[in-house]
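Visitor: Protein chains in written order, with numbering that gives the first Met the number 0: chain A, 0 to 300; chain B, 0 to 300.
Hints are computed from structural coordinates only; laboratory data are not their basis.
Watch out, some of these pointers could steer you wrong.
Chain copies aren't distinguished; within one or between two, either way the pair holds.
[As the list claims (entries may be wrong)] Pairs of lysine-lysine residues, derived as DSS-like cross-links and limited to a Cα-Cα distance of at most 30 Å, are as follows:
no. : residue 1 : residue 2
1   : K134      : K294
2   : K88       : K188
3   : K187      : K81
4   : K74       : K128
5   : K245      : K136
6   : K81       : K245
7   : K195      : K293
8   : K81       : K188
9   : K157      : K281
10  : K134      : K281
11  : K187      : K88
Read off the chains here:
Number of protein chains: 2
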Amino acid sequence: MTVGTVAFDDITTPFGRAEKVVGGACTYISWAGSYFTNDINLVSIVGDDFPKEELDALKSRGVNLEGLEIVDGGKSFFWAGKYHDNMNKRDTLVTDLNVLADFDPILPESYKNSQYVMLGNLTPEIQIKVMDQMKSKPNLVVLDTMNFWMDVAMDSLKEAIKRVDVITINDEEARQLSGEYSLVNAAKKIHAMGPKYLVVKKGEHGALLFGDGQVFAAPALPLAEVVDPTGAGDTFAGGFISYIAKTGDTSFENMKNGVVYGSVMASFCVEEFSINKLKNLKQEDIASRVELFKKMTSFNI
Amino acid sequence: MTVGTVAFDDITTPFGRAEKVVGGACTYISWAGSYFTNDINLVSIVGDDFPKEELDALKSRGVNLEGLEIVDGGKSFFWAGKYHDNMNKRDTLVTDLNVLADFDPILPESYKNSQYVMLGNLTPEIQIKVMDQMKSKPNLVVLDTMNFWMDVAMDSLKEAIKRVDVITINDEEARQLSGEYSLVNAAKKIHAMGPKYLVVKKGEHGALLFGDGQVFAAPALPLAEVVDPTGAGDTFAGGFISYIAKTGDTSFENMKNGVVYGSVMASFCVEEFSINKLKNLKQEDIASRVELFKKMTSFNI
Numbered sequence: 000m001t002v003g004t005v006a007f008d009d010i011t012t013p014f015g016r017a018e019k020v021v022g023g024a025c026t027y028i029s030w031a032g033s034y035f036t037n038d039i040n041l042v043s044i045v046g047d048d049f050p051k052e053e054l055d056a057l058k059s060r061g062v063n064l065e066g067l068e069i070v071d072g073g074k075s076f077f078w079a080g081k082y083h084d085n086m087n088k089r090d091t092l093v094t095d096l097n098v099l100a101d102f103d104p105i106l107p108e109s110y111k112n113s114q115y116v117m118l119g120n121l122t123p124e125i126q127i128k129v130m131d132q133m134k135s136k137p138n139l140v141v142l143d144t145m146n147f148w149m150d151v152a153m154d155s156l157k158e159a160i161k162r163v164d165v166i167t168i169n170d171e172e173a174r175q176l177s178g179e180y181s182l183v184n185a186a187k188k189i190h191a192m193g194p195k196y197l198v199v200k201k202g203e204h205g206a207l208l209f210g211d212g213q214v215f216a217a218p219a220l221p222l223a224e225v226v227d228p229t230g231a232g233d234t235f236a237g238g239f240i241s242y243i244a245k246t247g248d249t250s251f252e253n254m255k256n257g258v259v260y261g262s263v264m265a266s267f268c269v270e271e272f273s274i275n276k277l278k279n280l281k282q283e284d285i286a287s288r289v290e291l292f293k294k295m296t297s298f299n300i
Numbered sequence: 000m001t002v003g004t005v006a007f008d009d010i011t012t013p014f015g016r017a018e019k020v021v022g023g024a025c026t027y028i029s030w031a032g033s034y035f036t037n038d039i040n041l042v043s044i045v046g047d048d049f050p051k052e053e054l055d056a057l058k059s060r061g062v063n064l065e066g067l068e069i070v071d072g073g074k075s076f077f078w079a080g081k082y083h084d085n086m087n088k089r090d091t092l093v094t095d096l097n098v099l100a101d102f103d104p105i106l107p108e109s110y111k112n113s114q115y116v117m118l119g120n121l122t123p124e125i126q127i128k129v130m131d132q133m134k135s136k137p138n139l140v141v142l143d144t145m146n147f148w149m150d151v152a153m154d155s156l157k158e159a160i161k162r163v164d165v166i167t168i169n170d171e172e173a174r175q176l177s178g179e180y181s182l183v184n185a186a187k188k189i190h191a192m193g194p195k196y197l198v199v200k201k202g203e204h205g206a207l208l209f210g211d212g213q214v215f216a217a218p219a220l221p222l223a224e225v226v227d228p229t230g231a232g233d234t235f236a237g238g239f240i241s242y243i244a245k246t247g248d249t250s251f252e253n254m255k256n257g258v259v260y261g262s263v264m265a266s267f268c269v270e271e272f273s274i275n276k277l278k279n280l281k282q283e284d285i286a287s288r289v290e291l292f293k294k295m296t297s298f299n300i
C-alpha cells in the first residue's frame, strides 16, 4: 500500500521545462513499484482534472485505485519548481494544495491488512491517520518525509516516526531531525526515535542504509545525462519497498538489495521529465542496470 | 617518489584548533604511503624551522629525504584555514609561501628511475619540472591538483595533465576542468586531455574511478567523528599510489583496490588533527577497516 500525492508538476531545469506534467510522490512510488509487484494499493486524492488515461495506465500496471478519491469539480495538487544549474538545489515557485487541503483518507477494507506500507511524503497527520486504520500490523512500514514537515510539524512527525520501521530522508534532513552532524550519530538518535532502519538519500552521491548496528553504502550510478531529478527519492522508495514486498524478506541483508533496486529505479527516473522513463521500462533494462551497479561497486581484496 | 609541500598548518574546525602543526601534501602522502612501502623518495623544500624529529620520524618509516631541500634561515610553507560548521567548506586565512616561493626541485640521481610518481598538489610548473628530470618512463604517474591552479595556471596545468596516467581532483574541479556538469561526460573530456584514469574525490561521499570505459564507485566510510579533514585527499592519494606500487599492478581492477585503500587511509586521517592518527596505525587497523569497507559495500543479488 502506498499513500502520497498524485499531482501535476511544472518543472524547469537547465535542460528545459515540462509544464503541467504528471507528478506526485504516490505516482512515482507506484510506477517504480509496479515493476516488482502488481498488487499496489494506492491511497491519494485528485481533482477531476486529472487525466483518466493516466489512471488507466496505473491500473494496467496492477495498481489498485479503490483508495483514490476523485473530487468532482476539484483541482489536483500542483507544484512548480525550478532547479539551479547544478540540479542539486531547487526553488519551489508554486504550491497549490487544491484538493489536498481537505484530504482525509479513508482506507478501503481491502487495504487494511496490507503487509507493506509506504507512507509517501505528506503531512505527518495523514501518515498517522493511515496507520491508525490498519487492522493488522504490517510486515514493514516505510515513511518518507522532508525538512518542510520538520519545520512546521515536528511534533506530529515524531509521533509518526515512532511507529514506523524505516524512515527515508536526505542527509540534511537526517541532520536536522537528529541535531547531529555526523550521519553515524544521526542514525543512532533516529533509531532511538523509533525506526529500526534509516535510509539516507544523497541524490547523486547515493544512499546509506543504517540498521542492526550495520551500515550499507550504495553509490548512485553515474549518469551521462540527468534531465529532471523530480521524484527520484519517491522512485527510490517505491523500488525499495516493492522489492522487499516481492521477496517478503525484511532482513538487513535483503534491505541492502532493496536499496540497490531503489537506486536503479531512481537512475531511470532522472533521465527524463516526469514519469516518462518509468512508464516504458523492461525487466531487462532493470536487470542490466543492476548488473552495472554490481560491476561498479565490486572489488577484489 | 612523491613531490609536494612539507609545511606547517594552522587549522580551526568546529571541534577545536591546531596551531602550527605539521602538514603539507607530501607529508600526508608519505605517511599514508609508508604503510604500503618503505621505499618512498620524497621531493620537497622546508626551512630550518621544520622540526628535525618530524623528519626523523619520516625516515624511520622508510621515506628517503635526499630530495628534501632544507633552506638555512628559511621558513617553511605555512597555511592557515578555518572550516565551516559542516566541514565541507573551508576558508583559507593565510598562505605564506616562504621557501616554497623559490622551490626549484633537483631530483637526486637515485630518484630518476622511480617507477611510481605522485605529483602532489603544487604549481603545475614544478610538477612538469619533476617529470622532465625522470630518466625512464615510470609505470604510473599520478597528479593531484586543485581549482586554484585551474584559475591561475590552466595552460601549464593542461601541459602537466597531458603527461600523466591518473589525475585526482574533486567533483567541482572535474567540472571546472572539463566544462561538463555530468561527471561521466567530464571523465570523457579529461581522458581526452591525456590521463587514462580519473579519480574524483568527493570527501564524505567517497570517490569515483573512471578509466578503460569503466567506472568504480567507492563510498566513504561513515565516521562518527570527523575532527579535521585537512590532508584527506593527499592521504587518499598516498594510499592509492602506494598500494599500486606495492602490488606492481596498474590494471583498472587493481586501481579499484587502490581506491579502497586510499579511502581507508583517508578515513583515519580525518579522525585527528594533522598527521597524528596516521603516525600511529597498525597493519591490523588498516586490515580491519578494509573489512568494514567490504562489508559496507557488499550485497547479494
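Visitor: Taking each numbered hint in turn, which are not upheld by the structure, reported in ascending numerical order?
Guide: 1, 6, 9 and 10
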